[in-house]
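Protein sequence lines, in the order shown, are assigned to chains A and B. Last residue of the first sequence: 197 (the UniProt record's numbering), numbering continuous. Last residue of the second sequence: 197 (the UniProt record's numbering), numbering continuous.
Check the hints yourself; a few may be wrong.
Stated by the list, open to error - Covered stretches of chain B (chain A as the covering partner; in silico rule of three or more C-beta atoms under 8 Å from a C-beta of chain A):
#, region
1, 7 to 20
2, 119 to 127
To be verified - Selected chain A positions facing chain B (Cβ under 7 Å, derived; list incomplete):
#, residue
3, Leu152
4, Arg155
5, His187
6, Leu188
7, Ala189
8, Asp191
9, Arg194
Said to hold, decoys possible - Interface residues of chain A toward chain B, partial, derived using beta-carbon atoms under 10 Å:
#, residue
10, Val83
11, Ala139
12, Leu157
13, Met160
These aren't lab readings, by the way, just hints derived from the structure by calculation. All figures in this text were calculated on a predicted structure; none of them were measured in a lab. Ideal Cβ positions, reconstructed from N, Cα and C, are used throughout, including at glycine.
2 protein chains.
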Amino acid sequence: MTTVKRDTYTPETLLSVAVRVFNERGYDGTSMEHLSKAAGISKSSIYHHVSGKEELLRRAVSRALDGLFAILDEPGAGRGRAVERVEYVTRRTVEVLIAELPYVTLLLRVRGNTGTERWAMERRREFDHRVAELLRAAADEGDLRADVDIRLATRLLFGMINSLVEWYRPHPDATTEREQLAETVAHLAFDGLRTAR
Amino acid sequence: MTTVKRDTYTPETLLSVAVRVFNERGYDGTSMEHLSKAAGISKSSIYHHVSGKEELLRRAVSRALDGLFAILDEPGAGRGRAVERVEYVTRRTVEVLIAELPYVTLLLRVRGNTGTERWAMERRREFDHRVAELLRAAADEGDLRADVDIRLATRLLFGMINSLVEWYRPHPDATTEREQLAETVAHLAFDGLRTAR
Chain A
1 MTTVKRDTYT PETLLSVAVR VFNERGYDGT SMEHLSKAAG ISKSSIYHHV
51 SGKEELLRRA VSRALDGLFA ILDEPGAGRG RAVERVEYVT RRTVEVLIAE
101 LPYVTLLLRV RGNTGTERWA MERRREFDHR VAELLRAAAD EGDLRADVDI
151 RLATRLLFGM INSLVEWYRP HPDATTEREQ LAETVAHLAF DGLRTAR
Chain B
1 MTTVKRDTYT PETLLSVAVR VFNERGYDGT SMEHLSKAAG ISKSSIYHHV
51 SGKEELLRRA VSRALDGLFA ILDEPGAGRG RAVERVEYVT RRTVEVLIAE
101 LPYVTLLLRV RGNTGTERWA MERRREFDHR VAELLRAAAD EGDLRADVDI
151 RLATRLLFGM INSLVEWYRP HPDATTEREQ LAETVAHLAF DGLRTAR
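Chain A extracted, bound-state conformation (with noise of 0.2 Å):
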């Protein structure tokens, strides 16, 4: 028996059940079919929230870029050093992947098939050309070791970041948790794991 339940959805509440069922199906893989089971409402009732799954998927990636580019306007990322700031963005880039964790695996996800998917992978591009602005002003300050080539170290924070999305699942005590994480990533990349010598 098939249970049908009233529409009480908001914008907000039917947009993580879509991005729940985007990360386990594929954006390409999922139906308005699909998305109408997961919600237990009929499709009509989705349609009277959003214009249909390109609209949900503009939303849910929209919301784990407006983290990532708030993160550049909090004064951390502003003053002081570039290190500093640099190494701010990265601890914070950590937070927002963790407090927004299937948004930001959406966004890591999508291949480009759609406009709203191209156009997500050119925002978070240039997501990270700010981030590697940083290092390169970080390494013209003279704070970072002149033998790293800039591109290759922004693409392997990155990689290090992202695979977060791949391997973390939240604790019940997720505050110290991500706190915990974020000061894990940032040490690795600017301070390395090897004790001082």
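Once you've looked at the hints, dock chain B against the given chain A.
Just chain B now, with coordinates in the frame of chain A:
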């Protein structure tokens, strides 16, 4: 018009075609028909070489796993302080990943629907575990920061290394680049990006 090639494949050359198709379509999404088309030989010709696609998968991930596990038997992985050994293993892991890029890419993407996939994932975890043990030994010898959780550091280290399969594309002068990449990963992970203070 379909051109059917004379079957001049060896198990090795057939394998490289299969791995390319597996990486493009996903292992689950690849049929013997797809392999036959990509290789330009009939399905029965393929069965002349292997028992089916699962054998091709097993050979492909074995190649990646053999390359990775061989590192642990190299002299550099066995002598000196643990921190030097784990740095050596990190460097060589990057080199093997790049040398065997399509095979390691496939290894990192298998998700465990068949026995062979589950076996591959288990072997991969075993390799990660061996590296984690080295990191733990280095911490016990006082050569790693005491404030970093080793399990977390291992995951972040592999997150960084494994991200290479997503963005690294070989350049003509691959040898120099491979060494530079291995060097950068080792610097980032063990010494950090920051200049010594």
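Of the hints given before, which are not true for this structure? Violated hints: 1, 2; rest satisfied.
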